[in-house]
Amino acid sequence: MEERKMQLIQRFIQLGIYKKAERHLYELSLNELESEYESIKLRKAEHHVKTED
29 MEERKMQLIQ
39 RFIQLGIYKK
49 AERHLYELSL
59 NELESEYESI
69 KLRKAEHHVK
79 TED
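Residues 29 to 81 (this note's numbering) make up the sequence shown, in order.
Calculated directly from the structure, the hints in this document are not laboratory data.
Just so you know, not all the hints are guaranteed correct.
Straight line, CA to CA, 20 Å or less: simulated EDC-like cross-link-like pairs of lysine to aspartate or glutamate [unchecked claim]:
#: 1; residue 1: K47; residue 2: E30
#: 2; residue 1: K33; residue 2: E50
#: 3; residue 1: K47; residue 2: E60
#: 4; residue 1: K47; residue 2: E66
#: 5; residue 1: K72; residue 2: E30
#: 6; residue 1: K33; residue 2: E60
#: 7; residue 1: K72; residue 2: E62
#: 8; residue 1: K48; residue 2: E64
#: 9; residue 1: K48; residue 2: E62
#: 10; residue 1: K47; residue 2: E62
#: 11; residue 1: K72; residue 2: E60
#: 12; residue 1: K47; residue 2: E31
#: 13; residue 1: K47; residue 2: E64
#: 14; residue 1: K72; residue 2: E55
#: 15; residue 1: K33; residue 2: E66
#: 16; residue 1: K33; residue 2: E74
#: 17; residue 1: K48; residue 2: E66
#: 18; residue 1: K33; residue 2: E55
#: 19; residue 1: K48; residue 2: E60
Pair ranges (Cβ atoms, derived) [what the hints assert, rightly or not]:
#: 20; residue 1: V77; residue 2: M29; range: 29 to 37 Å
#: 21; residue 1: E30; residue 2: H75; range: 25 to 33 Å
#: 22; residue 1: S63; residue 2: Q42; range: 14 to 22 Å
#: 23; residue 1: Y54; residue 2: V77; range: 26 to 34 Å
Because the structure is a prediction, the values reported are computed rather than measured.
Every residue, glycine too, gets a C-beta built ideally from N, C-alpha and C.
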């Protein structure tokens, strides 16, 4: 579980994201990190679709 959490944190850092609101990434639970990562992936996919039109 900790390894998965660190992987997600590294992905966020690669995207230039270091905090969610006022909380540092390491303060978030694995569920919070996974949820936020999925929402970012969805937003990127939606943006990609809009720019193709």
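Comparing the hints with the structure gives:
1. K47 to E30: Judged against 20 Å, a Cα distance of about 18 Å means the pair holds.
2. K33 to E50: Holds - the C-alpha atoms of E50 and K33 are around 19 Å apart, at most 20 Å.
3. K47 to E60: Distance of about 12 Å is within 20 Å: holds.
4. K47 to E66: With a Cα-Cα distance of about 16 Å, the restraint between K47 and E66 holds, given a limit of 20 Å.
5. K72 to E30: Since the Cα atoms of K72 and E30 sit roughly 26 Å apart, the hinted pair is violated (cutoff 20 Å).
6. K33 to E60: holds (10 Å)
7. K72 to E62: Roughly 15 Å between the alpha carbons, so the hint for K72 and E62 holds.
8. K48 to E64: holds (9 Å)
9. K48 to E62: Cα-Cα ~12 Å, so holds.
10. K47 to E62: holds (14 Å)
11. K72 to E60: holds (18 Å)
12. K47 to E31: Satisfied, since the Cα-Cα distance of roughly 19 Å is no more than 20 Å.
13. K47 to E64: holds (11 Å)
14. K72 to E55: Not OK: K72 and E55 at ~24 Å, beyond 20 Å, violated.
15. K33 to E66: holds (14 Å)
16. K33 to E74: violated (25 Å)
17. K48 to E66: holds (14 Å)
18. K33 to E55: holds (11 Å)
19. K48 to E60: holds (10 Å)
20. V77 to M29: 29 to 37 Å: holds (33 Å)
21. E30 to H75: 25 to 33 Å: holds (32 Å)
22. S63 to Q42: 14 to 22 Å: Holds - the Cβ-Cβ distance for S63 and Q42, about 18 Å, lies within 14 to 22 Å.
23. Y54 to V77: 26 to 34 Å: holds (33 Å)
Violated hints, in rising order: 5, 14 and 16; the structure is consistent with all others.
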